[in-house]
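Protein sequence lines correspond, in order, to chains D and Z.
The opening position of the first sequence corresponds to residue 1 in my numbering, with each subsequent residue numbered one higher.
The opening position of the second sequence corresponds to residue 1001 in my numbering, with each subsequent residue numbered one higher.
What the hints contain is simulated information worked out from the structure, not anything from laboratory work.
Note that beta-carbon positions come from the ideal geometry of N, C-alpha and C, so glycine has one too.
Treat each hint with caution, since some may be false.
Just a sample of chain Z residues kept apart from chain D, beta carbon distances all over 10 angstroms, derived [claimed, not checked]:
#1 A1061
#2 I1161
#3 P1210
#4 V1240
#5 Y1318
Pairs of lysine-lysine residues, derived as DSBU-like cross-links and limited to a Cα-Cα distance of at most 35 angstroms, are as follows [stated by the list, open to error]:
#6 K57(D) with K1219(Z)
#7 K405(D) with K1288(Z)
#8 K1186(Z) with K1249(Z)
#9 K1288(Z) with K1249(Z)
#10 K57(D) with K365(D)
#11 K57(D) with K1186(Z)
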Amino acid sequence: MMDALILSRIQFAANISFHILFPTITIALGWVLFYFRVQFARTSDQRFMEAYMFWVKIFALSFAMGVVSGITMSFQFGTNWPGFMEIVGNVAGPLLAYEVMTAFFLEAVFLGIMLFGASRVPAWLHMTATFLVAFGTTMSAFWIIVLNSWMHTPQGFEMIDGVAHATDWWAIIFNPSMPYRFAHMMLASFLTVSFLIAGVSAFRWLIGGRTEGVRLALHTAIVAAALLIPVQILVGDMHGLNTKEYQPAKVAAMEGNWETGTGVPLVLFALPDQEARENRFEIAIPKLASFILTHDWNGKVQGLNDFVAEDGTILHPRVAPVFWSFRVMVGTGLAMLIVSWVTVGLMLRKNRNGTGRRGVDGLPKPVMYGLVAMSFSGWLATLAGWYTTEIGRQPWLVQGVMTTKEAVADVPATLVLSTLIGYLVVYAILLVAYIGVIFYLARRSNMGKSIEPAVPLRPTQKIQPAE
Amino acid sequence: MYTFGDPAQWLPFTFAILMGLSILIYVVLDGFDLGVGVLFPFADDAEKDRMIASIGPFWDANETWLVLAIGIMLVAFPTAHGQILTALYLPVFLMLIGLIMRGVAFEFRVKAPAAYKDLWNNVFFAGSLLSSLSQGFMLGMYIMGLDYTWGHFAFAVLTAIFLTVGYSFIGATWVIYKTDEHLQRKAVGWAKGGIWGLVLGIGAISAATPLVSTRIFEKWFDFPQALYLAPLPILSAILVVWLWSMLQKMPRAGDRGSWHPFVLATLLWVLAFLGMAYSFYPYVVPEKLTIYDAASAPESLFIILIGTCFVLPTIIGYTILAYTVFRGKATELRYD
Ligand code: HDD
Ligand code: HEM
Ligand code: HEM
Chain D
1 MMDALILSRI QFAANISFHI LFPTITIALG WVLFYFRVQF ARTSDQRFME
51 AYMFWVKIFA LSFAMGVVSG ITMSFQFGTN WPGFMEIVGN VAGPLLAYEV
101 MTAFFLEAVF LGIMLFGASR VPAWLHMTAT FLVAFGTTMS AFWIIVLNSW
151 MHTPQGFEMI DGVAHATDWW AIIFNPSMPY RFAHMMLASF LTVSFLIAGV
201 SAFRWLIGGR TEGVRLALHT AIVAAALLIP VQILVGDMHG LNTKEYQPAK
251 VAAMEGNWET GTGVPLVLFA LPDQEARENR FEIAIPKLAS FILTHDWNGK
301 VQGLNDFVAE DGTILHPRVA PVFWSFRVMV GTGLAMLIVS WVTVGLMLRK
351 NRNGTGRRGV DGLPKPVMYG LVAMSFSGWL ATLAGWYTTE IGRQPWLVQG
401 VMTTKEAVAD VPATLVLSTL IGYLVVYAIL LVAYIGVIFY LARRSNMGKS
451 IEPAVPLRPT QKIQPAE
Chain Z
1001 MYTFGDPAQW LPFTFAILMG LSILIYVVLD GFDLGVGVLF PFADDAEKDR
1051 MIASIGPFWD ANETWLVLAI GIMLVAFPTA HGQILTALYL PVFLMLIGLI
1101 MRGVAFEFRV KAPAAYKDLW NNVFFAGSLL SSLSQGFMLG MYIMGLDYTW
1151 GHFAFAVLTA IFLTVGYSFI GATWVIYKTD EHLQRKAVGW AKGGIWGLVL
1201 GIGAISAATP LVSTRIFEKW FDFPQALYLA PLPILSAILV VWLWSMLQKM
1251 PRAGDRGSWH PFVLATLLWV LAFLGMAYSF YPYVVPEKLT IYDAASAPES
1301 LFIILIGTCF VLPTIIGYTI LAYTVFRGKA TELRYD
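Assemble the whole structure, with the sequences as input and the hints as a guide.
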């Protein structure tokens, strides 16, 4: 039987992994919808309204999933990690409180107006509501990332009788890893949404829904992806350098590098063996790790063996999961780069008669299938990224301040296990239903009504909706 | 130094009030929309759509008050938060599963293929029922001091049922306000039935609470302290009678006063809540931990309080805006 600690960790990981799937979509999709909405108001171009009307449904669905799984998260601190709040509650508390007050209410209240209010309020108020929802989701990402980053790079506090007391809020909020993590997460969200929109639009295209709205959505999404992915790779690199400074053990685990040395090779593939403290079946590029991490081919890089205490206690995280999840993330990122650039390249080709570009119509079928396959690639990279970050922090919960073990609740393991199974069953069903409904909506908007209604945003004109 | 008195005294008190306020707003607001869900089996398909439409723009914001309440407890009384939530581990889990089910069913029932609509309607009902029951169960266990004995368990089962009936009562008054014709008449019937559950529930809790501890008993029955409490039962009785006679005459011509039952029901909740708060003060975990012992460091509470002073009025402001935008009878929910 596993103990309550490991079960609580698995339960927390399951809950947050499920939760983060939906914020990753709503954060960026909110802004995309705002963009469609404003463009429609500015140009009266029906394509924008068509795209808006389709994606707002997926937004509403994702939002509901995000809200209910988020409510679960806010209870998890008390049910599973009471020690967390007792030790660092003075820092974590205000950050969470500000998230609820400045973000959750904003998005929750204006969501109603954004979704159902278009015919009841003037256009400017509807646009404002759409803006506030997008802004609210971004704010909530900001506050929670502040807290999470503080747990990785804590500062601005002092310990009195084993309890953290805040001394400098500015230092707490703008802690060293926050800017990188926030930027990386926002970009992750935009990339996830870009590939989702591109994938679902390609799917609609393949089954015959070649409307202007689909064309526009596919075009916008893939261009955005192609522009953002290089930025993401750059920010990821900077993020890694920052981590090397504050959490060197994590970076050593990500690299699968055991010995401290100069001119360290970049390990592409290996099976890290923690017992033998070496890599098996290693494939590596000489000196590249030194170059990436220090920007010097012969730079010195710390290895995992530096993080073993005299008495043999291991002070670094488990290597294999960190090593592998990091590779999954970077691999997905590279796949995104290739797919988006190839697609944009194909779209930029000149028409046969030499007038204009081929655009979406010039994309061959295999590319469309490729885009469909990439629909949820953002989820994969985001989860892999969070696993790298979070498992890489272990055994610490707040780096150098408290360990995960100190936080765990005194609850019987069987209770944690049975609720864990309950959550997993519910999550599995919901995930299937969610993905199923997205593609169902895509198919339905093609059935017989390829063009969704031109929707009036003035209450005086009434046109029947698509359903 | 202490311009306004000792912050270790008034800060915990202020936060206890804020927390109580959020819980109260939560049970009224989410109470009515959970209640609407509990009433689902009594409605036909078209009525279900109408009932959903009456809560569609609001339910998300309503649930956020729960997040705020639990958040305030988390930040202001961390020890209590840990003790209460670990003691209520299982009912909290069940409530969350319930909230998940109903929250997503809301979206799925209109977006999934039509053949699944009934399924999602049932999920919506089951989720609402599960959340209401587990909240009532938690209330009962909390009153009993979070100790699991068979007697306490039985009491908690009782409060679970009563709270669910109470929610469906306030839900019914909401439906009276938001709909008309046949459904409204039906809702009047539901409310007439529900009010008795509510009366029994308040009665049972009032009977049990003073028995939990001698301290509360003295607060209730010792002269002159008992006088502070006296207005509550009297006012409640007046409200119940008033509500009952009002429901007899519903619906009235021209839909006059269709919102009155909801307002009176809300007042009834407020009174019941005040009674509980008065009895348990100053404890946050009944008879074990006072708000003063459980409170976080003053400097952290202070920084939250400053934010609250600005943000809370804003939240209330735009909540009112949302209710104003969607005032009047519920119409079909559409994205345009
Ligand atoms: C980077 C983004 C991010 C991360 C790491 C988290 N969340 Fe989240 N959360 C959001 C971004 C978000 C969001 C975008 O703001 C959501 C998703 C959909 C929504 O409605 O808001 C949300 C919803 C949401 C809600 C419902 C709010 C409502 O009622 O509107 C709660 C209570 C939480 N979250 C709590 C948490 C907790 C306790 C987390 C960590 C342990 C957490 N979230 C991680
Ligand atoms: C949203 C994306 C996130 C994901 C996918 C994620 C994932 C994970 C995972 C997989 C673990 C388990 C590591 C292990 O035990 O080996 C973990 C640990 C933890 N994370 Fe995160 N996390 C996220 C964000 C956050 C945030 C925002 C916070 C705090 C505000 C947080 C707090 C914690 C805590 C308290 C633990 C310790 C419990 C544990 O070890 O499981 N996480 N997280
Ligand atoms: C391909 C180049 C990429 C590099 C070099 C890179 C680098 C990194 C590094 C070093 C971390 C760990 C931060 C830490 O130590 O705590 C990280 C985390 C993360 N990555 Fe990436 N990343 C890349 C691509 C991506 C992509 C494509 C996505 C998603 C679409 C993504 C999403 C994330 C997320 C969500 C996290 C966890 C949150 C955080 O710590 O920022 N990454 N990334």
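Now the hints, each set against the structure:
Listed as outside the interface, A1061(Z) is inconsistent with that label: its C-beta sits roughly 4 angstroms from the nearest C-beta of chain D, within the 10 angstroms cut-off. Residue placement check: I1161(Z) keeps its beta carbon more than 10 angstroms from all beta carbons of chain D (closest about 23 angstroms). No beta-carbon of chain D is positioned within 10 angstroms of the beta-carbon of P1210(Z); the least distance is around 29 angstroms. No Cβ of chain D comes within 10 angstroms of the Cβ of V1240(Z); the nearest lies about 32 angstroms off, and the non-interface call holds.
Interface exclusion of Y1318(Z) from chain D breaks down, the closest Cβ pair being 5 angstroms apart, not more than 10 angstroms. Of the supplied pair hints, the one linking K57(D) and K1219(Z) is violated, its CA atoms being roughly 54 angstroms apart against a limit of 35 angstroms. With a CA separation close to 26 angstroms, the supplied pair K405(D) and K1288(Z) stays within the 35 angstroms bound. Only pairs whose Cα atoms come within 35 angstroms are accepted, and K1186(Z) paired with K1249(Z) is accepted, the gap being roughly 13 angstroms.
A threshold of 35 angstroms between alpha carbons decides the hint, and for K1288(Z) with K1249(Z) the separation of about 48 angstroms lies outside it, so the pair is violated. Taking the CA atoms of K57(D) and K365(D), the gap is near 27 angstroms; set against the 35 angstroms cutoff, the hint holds. Under the criterion of a C-alpha separation no larger than 35 angstroms, the hint pairing K57(D) with K1186(Z) is consistent with the structure, at around 32 angstroms.
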